[in-house]
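J.: Start from the sequences and build out the full structure, keeping to the hints where you can.
Chain by chain, the residues:
2 protein chains.
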Amino acid sequence: MISKAAIRFVKSLQDKKQRQKYNQFIVEGEKSITELLKSQFRIVKLYAVQAWLEANILNIDKIDVDVVDSAELKQMSSHQSPQNALAVVEFKHPESISSEDKFVIGLDEIQDPGNLGTIIRIADWYGIKHIVCSKGSTDLYNPKCINSTMGSFLRVNVHYGDIVEYSKSAKLPLMVAVLYGVNIHQGALPKKGLLVIGNEGHGVKNDIIQQAAHLLTIPRFGEAESLNAAVSTAILLDNLVR
Amino acid sequence: MISKAAIRFVKSLQDKKQRQKYNQFIVEGEKSITELLKSQFRIVKLYAVQAWLEANILNIDKIDVDVVDSAELKQMSSHQSPQNALAVVEFKHPESISSEDKFVIGLDEIQDPGNLGTIIRIADWYGIKHIVCSKGSTDLYNPKCINSTMGSFLRVNVHYGDIVEYSKSAKLPLMVAVLYGVNIHQGALPKKGLLVIGNEGHGVKNDIIQQAAHLLTIPRFGEAESLNAAVSTAILLDNLVR
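These protein sequence lines map, in sequence, to chains A and B.
Take the first sequence: its position 154, counting from 1, is numbered 154 in the working numbering, and each next residue is one higher.
Take the second sequence: its position 20, counting from 1, is numbered 20 in the working numbering, and each next residue is one higher.
There may be inaccurate statements among the hints.
For identical chains, the list gives no copy identity; a pair is met inside one copy or between any two copies.
Unchecked claim - List of simulated lysine-lysine pairs, DSS-like, C-alpha gap at most 30 Å:
id: 1; residue 1: Lys62; residue 2: Lys92
id: 2; residue 1: Lys205; residue 2: Lys31
id: 3; residue 1: Lys21; residue 2: Lys102
id: 4; residue 1: Lys11; residue 2: Lys144
id: 5; residue 1: Lys31; residue 2: Lys21
id: 6; residue 1: Lys16; residue 2: Lys45
id: 7; residue 1: Lys168; residue 2: Lys92
id: 8; residue 1: Lys171; residue 2: Lys38
id: 9; residue 1: Lys144; residue 2: Lys31
id: 10; residue 1: Lys144; residue 2: Lys16
id: 11; residue 1: Lys191; residue 2: Lys31
id: 12; residue 1: Lys102; residue 2: Lys144
id: 13; residue 1: Lys4; residue 2: Lys92
id: 14; residue 1: Lys205; residue 2: Lys45
id: 15; residue 1: Lys45; residue 2: Lys192
id: 16; residue 1: Lys45; residue 2: Lys74
id: 17; residue 1: Lys16; residue 2: Lys74
id: 18; residue 1: Lys11; residue 2: Lys102
id: 19; residue 1: Lys205; residue 2: Lys144
Please keep in mind that the hints were generated in silico from the structure rather than gathered at the bench.
T.: As C-alpha cells, then:
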C-alpha cells in the first residue's frame, strides 16, 4: 500500500514542467524496465507487483523498491492497461558525439512524441548513437515518447540544440531530405553526415537547407505527396548504412 | 445552422457498428476532401464553412452541401482542432487485384488504426494498389486510420479476407518478413509477390510463415529488438521496388 502523495507525484511526471523541476521521468513496461536495470540510468524508485519482483530479484538489489498492486500501478500509469512495473528515473546527460559516429540524425522541430520515440527505435536498429533535436522539438522524456522507443532510449543519446552548430563541431556534413534532391537509389551517397528530417507539417527550415552539403530524395513510385517523418528516417538510414 | 440530430449522426460514425449499419464513414481535412471531390467515392453529405466553399466552388456542384460554422464542425469532428470541411462518404468496394499488380501487401491482424493508415500512405508512395488485411485486423474506415492516410485511402484498395487465399488467386508468392530470413541488402529479391507484415506484438502467424515462398529480413546494425509494422513495410518496399 503506497501513499496517495506518491501516486500523485508519479502521475505529475507526465507533465513536462514537473519532470524538469525534479529532473526525473517515468519508465513503464516490463521489457523496458528489465533493460533499464542493466543500464547506466539511475532509478530513483521502482514500483512493481510482488510476482514480477520475485521473478526479477537478481537485478534489483541496491534499488529502492515499493511493492504495489495492479490497481495502484494503473493509477500511476500513463497507459490504459496496467503494467507490472514502473520506475521513476533520473535524467541522464547525453554522451558526446565522437569521431566514430559516422551518422547522426537531426530533427528540426519534430512535434509528435510518438514520432520521436519511433525515430529513436529506428536509430537504435541502424546503430546510430546520437540524435540532435532543435530547441522547439517535443520532449524526449514525455511518457508517450519513452514508451514508443521500446527501450531504445537507453542506447541512443538525444541532444537539444542548434543542428547546424552540432554538424560543424562534429565535422559531419549536413544532409537534408527534400523532394528535389539526389535520388537515393541512384546517386553515390555520403559515407558520413548529419541527416536532418523536418517537422511533420513544414519540412526542414530554409536556413538549414541552405547550409546542406547533400540534398537527398526518396524516389516515389506512386502518388502519395509525402511520407511521415519516422518512415522517411528509416528509408534514408537503410540506404545510407547499407 | 444544422440540427443536433445531424451532428449526432456524424459523430456516431466514429463507431464501427454505426459505420457498418449505414455503409458510411467520415473524411476530414481540407487536403483529403479536395482529393475526395475528384475521386470515385460517393459523397453523401459535405459539411463546410462558407469561406472554404467559396474557394472550392468549382468542384462541388452536384454535391449535397450544408454550410456550417467552426463550432459545429468541431462538434462533429474526431479531431481536437476544428477543420474547415468534413464529408460523410459511402463505402466503396475495393477493385480486384490484376496481373499488373506485381506487389501486394498483406497485414496479419494489424491492430492500430494509425499504423494501418500510415501503411496505406506508404503503399501509395511506392505505387502499391492493394492491401489484404486478415479478418481480425483494425477497420479501414476508423477516422484515425482515414486521417493518417493523408488522402491515400482514395488510391489504395483495402481488402479483408484470407491472406493465403488472396496470394493463391492472384498468383503472387507469399513473402514474409521475419528475423531469420534472407538479408534484403544482399540476396536477390523476388520481382513480384504478396508481402506479409505481422501484428504489432506477435508478428506473422506460423501457418502463414509455413506457406511462404520467401522469408525476408531487414539487416540490423544496432541493438533494437524490432521495428514497428509501418516502418518495416516501408523499408521492405523500398528494397523490393528499387
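J.: For lysine 144 vs lysine 31, is the C-alpha pair at or below 30 Å within one copy, between two copies, both, or neither?
T.: both (16 Å within a copy, 28 Å between copies)
J.: If the cutoff is 30 Å on CA atoms, where do lysine 4 and lysine 92 land: within, between, both or neither? Let me know, please.
T.: Within. Shortest intra-copy distance 28 Å satisfies the 30 Å Cα cut-off; inter-copy 52 Å does not.
J.: Between the shortest in-copy and the shortest cross-copy C-alpha distance, which are at most 30 Å for lysine 102 and lysine 144: within, between, both, or neither?
T.: Classified as within: same-chain Cα gap 29 Å, cross-chain 37 Å, threshold 30 Å.
J.: Check lysine 11 against lysine 102 for me: Cα-Cα at most 30 Å, and say if that holds within a copy, between copies, both or neither.
T.: Answer is neither; intra-copy 39 Å and inter-copy 50 Å both fail.
J.: Given a CA cutoff of 30 Å, do lysine 11 and lysine 144 count as a within-copy pair, a between-copy pair, both, or neither?
T.: This pair counts as both: shortest intra-copy Cα distance 13 Å, inter-copy 27 Å.
J.: How do lysine 62 and lysine 92 come out at 30 Å by Cα distance, when the copy is not named: within, between, both, or neither?
T.: Intra 19 Å, inter 60 Å, cutoff 30 Å: intra-copy only.
J.: Go through the copies and call it for lysine 168 and lysine 92: within, between, both or neither, with a Cα cutoff of 30 Å.
T.: Close inside one copy (24 Å), not across copies (53 Å); limit 30 Å.
J.: How would you classify lysine 31 and lysine 21 at a CA-CA limit of 30 Å: within, between, both, or neither?
T.: Only inside one copy: lysine 31 and lysine 21 sit 27 Å apart there, 41 Å across copies, limit 30 Å.
J.: Using 30 Å as the alpha carbon limit, work out where lysine 205 and lysine 45 are close: within a copy, between copies, both or neither.
T.: neither (41 Å within a copy, 38 Å between copies)
J.: Since the copies are identical, ignore which copy is meant and state whether lysine 45 and lysine 192 lie within 30 Å (CA to CA) inside a copy, between copies, both or neither.
T.: Close neither inside one copy (40 Å) nor across copies (53 Å); limit 30 Å.
J.: Regarding lysine 205 and lysine 144, is the shortest C-alpha distance of 30 Å or less found within a copy, between copies, in both, or in neither?
T.: both (26 Å within a copy, 28 Å between copies)
J.: When Cα atoms must be at most 30 Å apart, do lysine 16 and lysine 45 count as within-copy, between-copy, both, or neither?
T.: Answer is within; shortest intra-copy Cα gap is 19 Å, inter-copy 42 Å.
The structure fails hints 3, 8, 11, 14, 15, 18 (numbered hints given earlier, in ascending order).
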